[in-house]
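Student: Chains as they are written, first to last, in the working numbering: chain A, -7 to 90; chain B, 10 to 115; chain C, 452 to 674.
I should point out that these hints are in silico values taken from the structure, not numbers from a laboratory. Check the hints yourself; a few may be wrong.
If you anchor each label on the Cβ, the simulated ranges turn out as follows [said to hold, decoys possible]:
| hint | chain 1 | residue 1 | chain 2 | residue 2 | range |
| --- | --- | --- | --- | --- | --- |
| 1 | A | Gln88 | C | Ala559 | 23 to 33 Å |
| 2 | A | Leu12 | C | Thr567 | 32 to 42 Å |
| 3 | C | Val533 | A | Arg48 | 44 to 54 Å |
| 4 | C | Ser617 | B | Glu69 | 43 to 53 Å |
| 5 | C | Lys543 | B | Lys108 | 52 to 62 Å |
| 6 | B | Lys108 | C | Asp534 | 52 to 62 Å |
All residues carry an ideal CB built from backbone N, CA and C; glycine is no exception.
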Amino acid sequence: MSPNAAPTFAPGARVRIIDLKKPGHVRTPIYVREKVGTIDHFCGAFENPEERAYGRIGGARIPLYRVRLMQRDLWPDYEGPDKDSLVLEIYDHWLQPA
Amino acid sequence: MAERLNSDIGGLPADTVPRDETPQLFWEKHLIATFNVLRAKGVFNLDELRRIVEAAPPEEYKRSSFYGRRIDGIADLLIEKKVINRDELIARTEDVLLKGTRDHVA
Amino acid sequence: MNSDHPDHDHHHDHTHDNAHGPHPTREDDDVVLSYGEAKFLALKGMLIEKGVLTADEIRRQHEINDLLTPHQGARMVAKAWVDPAFKARMLKDAKAAAIELGIEVTEAELMAIENTPTCHNIIVCTLCSCYPRSLLGEPPPWYVSKAYRSRAVREPRKVLREFGLSFSDQVEVRVHDSNADLRYVILPMRPQGTDALDEMELADLVSRDCLVGTALPGRNAGS
Chain A
-7 MSPNAAPTFA
3 PGARVRIIDL
13 KKPGHVRTPI
23 YVREKVGTID
33 HFCGAFENPE
43 ERAYGRIGGA
53 RIPLYRVRLM
63 QRDLWPDYEG
73 PDKDSLVLEI
83 YDHWLQPA
Chain B
10 MAERLNSDIG
20 GLPADTVPRD
30 ETPQLFWEKH
40 LIATFNVLRA
50 KGVFNLDELR
60 RIVEAAPPEE
70 YKRSSFYGRR
80 IDGIADLLIE
90 KKVINRDELI
100 ARTEDVLLKG
110 TRDHVA
Chain C
452 MNSDHPDHDH
462 HHDHTHDNAH
472 GPHPTREDDD
482 VVLSYGEAKF
492 LALKGMLIEK
502 GVLTADEIRR
512 QHEINDLLTP
522 HQGARMVAKA
532 WVDPAFKARM
542 LKDAKAAAIE
552 LGIEVTEAEL
562 MAIENTPTCH
572 NIIVCTLCSC
582 YPRSLLGEPP
592 PWYVSKAYRS
602 RAVREPRKVL
612 REFGLSFSDQ
622 VEVRVHDSNA
632 DLRYVILPMR
642 PQGTDALDEM
652 ELADLVSRDC
662 LVGTALPGRN
672 AGS
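Take the sequences, apply the hints, and build the full model.
Tutor: In C-alpha cells, the structure reads:
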C-alpha cells in the first residue's frame, strides 16, 4: 500500500485519541476515545472508511497508525501487571499531540 | 462521549467465551462466496456492509447471530442500492420455505 | 427484516462424514432449512436472474475459499522457525513473505506479530470480525462471538485462562484490536525440544488458535 499522505506523527510520539463525536460509521472504538498512547507504527495511508461506508470510494488517503495504550489507562479495574498494553489502528484525523 | 455504535462492544461485560465448534454449513460457505463475488464486482464494499450492520437497532444486534447479520446485511445493502426489491425478496423467501427444498434453485 | 429465527438448527448426532473436502460439511438434506438459508437461496436466485452474478462464479469462489486453511499460516510459522532470513522478511512484510510460499493474501495488509519470552500477543476484532481470511480461512465461532470481542480487550488474561493459558506478571500480555485495514497473524515461539523436527512436522504443531494467540504450539493445540 503506497502512502500518498505523509504521516504527521512519528513512532514514539505521545498522542491523544480524540472523540470527534462523529455520527455514522467510524472505526475508532469508544473504549479508546480521549485516551493517551504512543505511536507504535505508521501503517501507510488508506481510504477513509467513514467515506467508503457511504459509497464514496476513491477518495483521499489518510495516514493510519498503530497506537499503543497501557491497559491500566483504559480500564480502572484492569486485572494484570502495569506492563500489559493494547495496540489498535487509528486514523490521523482522530489524533492530536498529547 | 459520542453514542456507541451497536457493534462497538469492546470492554462491555459478557459471559464465558463460547467454545463449541460447529463446522460451517454449506449455505453459510456459499453466502461468504457470494459476498466475495459481489465485492469483487464492485457491487458494494466491506465498509458499506459494516455500516448497514451497525444500523440495526441495538436490541436486534444483541440477539443476532454471525451469519444472520451477514445475510440480513447483504440483503439490506442490495435493497438500498436498488439491486433487488425488498418485497420480492420476502415473497421469494417464503416461497422457498413453503417448498421446503433446495432443489429448485440453480 | 432480520433472520433471528435461529439459523443454526444443527443436528449434532450426524454420523455422515464427508471426507471429500478440506472442511467437514453436512449433506444439505440432513439439515433443516432455516429462515436464513431460505433468504440466502431466494437472494441468490434473484441475483442470478438479474445477471448480477452467475451460480458458477459463486461455486468457483466457494472452491477457492475451501483451500484457505490455518495450515497456510502454520507453514509460514514453520519456515520462520527454520529460516531466520525468512522470519525477518515475514516480520517486515508478511504479505510478501506469504507469496514466497505461494499464498496470495488479498487483504490490504498483513502483519505478523512475534511472541517472545517477555510478551504474549492475542488478536481480536472488537467492532466486527476482521481476520486474515485469505490466509487462514474463516475464523472460529469463538473469535466472532460477542463475548470474545467484548472481553479480550478488557480482561485478556482471564480469557486466556479459559483457553488454558496463563502467564506470569513477568510476561506482558498484549492485545491487538484489528479495527482498521491491517490483519494480523501471530508468530508463536518455537517449542523446546523440536530441533529434530523438519518443516512439515513443525507446521503440524501450529494450530489455528496458535495463530490468533489463544493456544501455544505443541500443547493445548486444540483444533
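Student: Starting from the hint list further up, note which numbers the structure goes against and sort them upward.
Tutor: Number 4 only.
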